[in-house]
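Here are the chains, one letter per residue:
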Amino acid sequence: AQTVTQSQPEMSVQEAETVTLSCTYDTSENNYYLFWYKQPPSRQMILVIRQEAYKQQNATENRFSVNFQKAAKSFSLKISDSQLGDTAMYFCAFMKLGFGGATNKLIFGTGTLLAVQP
Amino acid sequence: DTGVSQDPRHKITKRGQNVTFRCDPISEHNRLYWYRQTLGQGPEFLTYFQNEAQLEKSRLLSDRFSAERPKGSFSTLEIQRTEQGDSAMYLCASSLGLATNSYNEQFFGPGTRLTVL
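Protein chains in written order, with my numbering: chain W, -12 to 105; chain C, 9 to 125.
One or more of the hints may lead you astray.
Unchecked claim - Taking beta-carbon pairs under 10 Å as the criterion, some of the chain W residues facing chain C (in silico): (1) R30; (2) I33; (3) L34; (4) E39; (5) A46; (6) C79; (7) T90.
In short, the hints are calculated from the structure, not lab data.
Ideal placement from N, C-alpha and C gives every residue a C-beta, glycine not left out.
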């Protein structure tokens, strides 16, 4: 079974600074994706960034980038130039890919609550 | 609006009552997922539909829970004889799954927050 662990329940960062959220996972699979989702207060979950396991190059989306260490099973999210709108719960998630009737369900960590301070 | 919608957004019920939630996925999305999120936790997978077929159910889905997607469009999640432990946010997500061995993004709805008194 796959597990996702986020060891930082809460973090705080000053506006315009950089923050890194940590995530580790456990799997014996080779074909999978990793994700970071953002859940703002009282708003729906949205995808921030994804990483294919077979790609060595770290994914980047504007101010968001990841540090994917496959051997260490580590997947951290770096937010540069933090903005007030980045305040949210951030979830790391794992998706196993498969053939036939595979579900492609998401397995989430417990989340990190990020507060961006003005 | 072409996003995933859920109804109601909030539901307060007394223990022992039955409740039903509805999810309308993005049109043309053939895959639909239900997740449950309790306070301080990440969402946990409950069940999955491909078109109208329910293909996987989590062990979390006790026999008091039933989900349907009768015409492969909207889905309902019913909880019978609710318990206080059922209090949670119930999230629905949909995706356009062309193949299970390729990525297909799941789009989430706003959720239904259930409170069982």
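Hint check against the structure, violated hint numbers in rising order: 5
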